[in-house]
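Enquirer: Chains as they are written, first to last, in our numbering: chain U, 566 to 677; chain E, 6 to 116.
Treat the hints loosely; a few may be bogus.
[What the hints assert, rightly or not] Derived list of chain E stretches under chain U, where covered just means 3 residues or more per stretch with a C-beta under 8 angstroms from a C-beta of chain U: (1) 15 to 29; (2) 56 to 65; (3) 71 to 85; (4) 105 to 116.
[Stated by the list, open to error] Not close to chain E: a few residues of chain U, all C-beta gaps over 12 angstroms, as computed: (5) R606; (6) R619; (7) A646.
[To be verified] Computed cross-link-like contacts, DSBU-like style, restricted to lysine-lysine with a CA-CA straight-line distance of at most 35 angstroms: (8) K76(E) x K621(U); (9) K634(U) x K621(U); (10) K76(E) x K635(U); (11) K676(U) x K635(U); (12) K76(E) x K14(E); (13) K76(E) x K19(E); (14) K634(U) x K591(U); (15) K635(U) x K591(U); (16) K19(E) x K591(U); (17) K634(U) x K62(E); (18) K621(U) x K19(E); (19) K14(E) x K62(E); (20) K676(U) x K14(E); (21) K635(U) x K621(U); (22) K591(U) x K621(U); (23) K591(U) x K676(U); (24) K634(U) x K75(E); (25) K76(E) x K62(E); (26) K634(U) x K676(U); (27) K62(E) x K635(U); (28) K19(E) x K635(U); (29) K62(E) x K75(E); (30) K676(U) x K621(U); (31) K14(E) x K75(E); (32) K19(E) x K75(E); (33) K62(E) x K19(E); (34) K591(U) x K62(E).
None of these hints come from the bench; they were simulated from the model.
Here the structure is a predicted model, which is why all the values come from computation and not from measurement.
In this text, a Cβ means the ideal position worked out from N, Cα and C, and glycines have one as well.
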Amino acid sequence: SQQGEEDPQALSIQEGENATMNCSYKTSINNLQWYRQNSGRGLVHLILIRSNEREKHSGRLRVTLDTSKKSSSLLITASRAADTASYFCATETNTGGFKTIFGAGTRLFVKA
Amino acid sequence: NAGVTQTPKFRVLKTGQSMTLLCAQDMNHEYMYWYRQDPGMGLRLIHYSVGEGTTAKGEVPDGYNVSRLKKQNFLLGLESAAPSQTSVYFCASIQGQGEAFFGQGTRLTVV
């Protein structure tokens, strides 16, 4: 089973609203990362949070990590139509070998 | 600086044919990965490599083989393609505990 599971699977909001996506994982991690994918394209790295960090900011992005609950959230503030994309969390783990595992993603649609 | 380059970008195969996908990175990264992405789904790890000459199985390795003879190249092979292998394949490289850099993907259709 996949390490990361995003919630919700899909999210539709109005421009200017905030969007929150959640990610849960199963095993211990070195770090957790969020990526964005525009339709049919490669993934672009957004932000990385290490296992000893609890919160991180980058522009309009805010990521939190709760290792006790094995969960993370990505908040996009003041969303724009251009934020429409799929967002994936990825966990880097040493469990069973050093690797990076992705979740199924949240599809965000921001209406202008 | 090209980053991660995948070739080819598109390919149509007949069932039973073989092919090799090439991933090349120019960032001197140790770790390289092959993922597949099916419609509406996330990326599933096929095989990965933590250094030149090493490979390991990921989540969905069956039907694929890989080789990492040179640090900058990671090859993914399909020995006998099946329709279930129709997918978009992404390669990524990582320098360890950092962000993954992705290629633009290879869209493979097996008929």
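Enquirer: A separate judgement is required for each hint: does it hold in the structure or not?
Expert: We went through each hint and held it up to the structure:
With a threshold of 8 angstroms between beta carbons, the proposed coverage of the stretch 15 to 29 of chain E by chain U is violated, since 0 of its residues qualify and at least three are required. With 3 residues carrying a beta carbon less than 8 angstroms from a beta carbon of chain U, the stretch 56 to 65 of chain E meets the three-residue requirement, and the given coverage holds. Judged by the Cβ-Cβ criterion of 8 angstroms, the stretch 71 to 85 of chain E is not covered by chain U as claimed, because only 0 of its residues qualify and three are needed. With a threshold of 8 angstroms between beta carbons, the proposed coverage of the stretch 105 to 116 of chain E by chain U holds, since 6 of its residues qualify and at least three are required.
Some Cβ of chain E comes within 12 angstroms of the Cβ of R606(U); the nearest lies about 7 angstroms off, and the non-interface call is violated. The claim that R619(U) is not at the interface with chain E holds, since no C-beta of that chain comes within 12 angstroms of its own (minimum 18 angstroms). Once the 12 angstroms rule is applied to beta carbons, A646(U) is consistent with being away from chain E; the minimum gap is 21 angstroms. For the hint linking K76(E) to K621(U), the alpha-carbon distance of about 33 angstroms falls within 35 angstroms, and the restraint holds.
Using a Cα cut-off of 35 angstroms, the hinted pair K634(U) and K621(U) holds, with the two alpha carbons roughly 17 angstroms apart. Annotation: proposed proximity of K76(E) to K635(U) holds, straight-line Cα distance about 34 angstroms (limit 35 angstroms). Proximity of K676(U) to K635(U) is assessed by CA-CA distance (about 31 angstroms); at most 35 angstroms being required, the pair is judged to hold. As the CA atoms of K76(E) and K14(E) are separated by approximately 22 angstroms, the hinted pair is consistent with the 35 angstroms bound.
For a cut-off of 35 angstroms, the pair hint linking K76(E) to K19(E) stands: about 31 angstroms separates their Cα positions. With a CA separation close to 9 angstroms, the supplied pair K634(U) and K591(U) stays within the 35 angstroms bound. For a cut-off of 35 angstroms, the pair hint linking K635(U) to K591(U) stands: about 7 angstroms separates their Cα positions. Taken as a hint, the K19(E) and K591(U) pair is broken in the structure, with Cα atoms around 38 angstroms apart against an allowance of 35 angstroms.
A distance of roughly 28 angstroms separates the Cα atoms of K634(U) and K62(E); the hinted pair therefore holds under the 35 angstroms criterion. Between K621(U) and K19(E), the direct Cα distance comes to roughly 48 angstroms. Violation of the 35 angstroms bound is thereby established for this hinted pair. Straight-line distance between C-alpha atoms of K14(E) and K62(E) comes to about 24 angstroms, which keeps the hinted pair within the 35 angstroms bound. A C-alpha spacing of about 31 angstroms is found between K676(U) and K14(E), which places the hinted pair at or below 35 angstroms, so the restraint holds.
Taken as a hint, the K635(U) and K621(U) pair is honoured in the structure, with Cα atoms around 16 angstroms apart against an allowance of 35 angstroms. Proximity of K591(U) to K621(U) is assessed by CA-CA distance (about 21 angstroms); at most 35 angstroms being required, the pair is judged to hold. Straight-line distance between C-alpha atoms of K591(U) and K676(U) comes to about 33 angstroms, which keeps the hinted pair within the 35 angstroms bound. As the CA atoms of K634(U) and K75(E) are separated by approximately 40 angstroms, the hinted pair breaks the 35 angstroms bound.
For the suggested pair K76(E) and K62(E), the alpha carbons sit about 18 angstroms apart, so the restraint of at most 35 angstroms is met. Straight-line distance between C-alpha atoms of K634(U) and K676(U) comes to about 32 angstroms, which keeps the hinted pair within the 35 angstroms bound. The straight-line distance between the Cα atoms of K62(E) and K635(U) is roughly 24 angstroms, inside the 35 angstroms bound, and the hint therefore holds. A C-alpha spacing of about 43 angstroms is found between K19(E) and K635(U), which places the hinted pair above 35 angstroms, so the restraint is violated.
For a cut-off of 35 angstroms, the pair hint linking K62(E) to K75(E) stands: about 18 angstroms separates their Cα positions. Our distance criterion of 35 angstroms between C-alpha atoms is met by K676(U) and K621(U), whose separation comes to about 27 angstroms. For the hint linking K14(E) to K75(E), the alpha-carbon distance of about 21 angstroms falls within 35 angstroms, and the restraint holds. Restraint check: the Cα-Cα separation between K19(E) and K75(E) comes to about 29 angstroms, which is no more than 35 angstroms; the hinted pair holds.
About 25 angstroms separates the Cα atoms of K62(E) and K19(E), which keeps this hinted pair within 35 angstroms; it holds. Annotation: proposed proximity of K591(U) to K62(E) holds, straight-line Cα distance about 19 angstroms (limit 35 angstroms).
Going down the numbered hints, you'll see the structure goes against 1, 3, 5, 16, 18, 24, 28, while the others check out.
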